[in-house]
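J.: Sequence:
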Amino acid sequence: MIQSILAQDSIFCADGSSIYMRVARELDVPLKAVNVKAGIRVVEQVFHVQNVNASDDRLKTWMHRFHGVTTAYLPNYLGWRRLVDQFRGTVSPKVLLQTALGITYLQQGTMT
1 MIQSILAQDS IFCADGSSIY MRVARELDVP LKAVNVKAGI RVVEQVFHVQ NVNASDDRLK
61 TWMHRFHGVT TAYLPNYLGW RRLVDQFRGT VSPKVLLQTA LGITYLQQGT MT
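Mapping the sequence shown onto the working numbering, position 112 (from 1) lands on 112, and the numbers just tick up by one.
Accuracy of the hints is not assured; some may be wrong.
[What the hints assert, rightly or not] For each label pair, taking beta carbons as the anchor points, the in silico distance ranges come out as:
#, residue 1, residue 2, range
1, 21, 55, 29 to 37 Å
2, 22, 56, 29 to 37 Å
3, 69, 43, 32 to 40 Å
4, 22, 64, 24 to 32 Å
Calculated from the structure, these hints are not laboratory results. Keep in mind the model is a prediction, meaning the values are calculated, not measured. We put the beta carbon where it would ideally sit given N, CA and C, even for glycine.
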């Protein structure tokens with residue numbers, strides 16, 4: 001399924017875990033592996049996982065306040081979090097409601 005949306009020139013950047021090596025092999029994409037424990041945070045001066053790790057940390061910190069989320073509602077929470085990230089935490093109640101109703105925005109207060 002994911003292969004249908006991967007560009008031909010995609011590169012998979014992850015830590016050196018064996019599961020990621022297997023995924024890269026099965027998807028037939030090159031893997032650029034970093035090894036943070038060994039101090040290798042950037043490969044070829046381009047490939048790194050800091051953005052993903054930072055995003056993961058922000059999501060976990062944000063989700064912690066809910067004391068667990070049932071899997072059935074996880075897509076709702078993730079959508080809410082993406083909206084908060086999109087507006088850098090300053091999303092208005094009006095935009096939250098209109099987005100929930102399917103009205104999307106390029107920027108806050110401007111309908112598209």
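J.: Confirm or reject each hint.
T.: Here is what the structure says about each hint:
Our hint of 29 to 37 Å for residue 21 and residue 55 is violated, since their Cβ atoms are close to 22 Å apart. Under the hint 29 to 37 Å, the C-beta atoms of residue 22 and residue 56, about 21 Å apart, miss the expected range. Taking 32 to 40 Å as the suggested C-beta distance range, the pair residue 69 and residue 43 conforms, at roughly 34 Å. Taken as a hint, the range 24 to 32 Å holds for the pair residue 22 and residue 64, whose Cβ atoms sit roughly 30 Å apart.
Hint violations for this structure: numbers 1, 2, all remaining hints satisfied.
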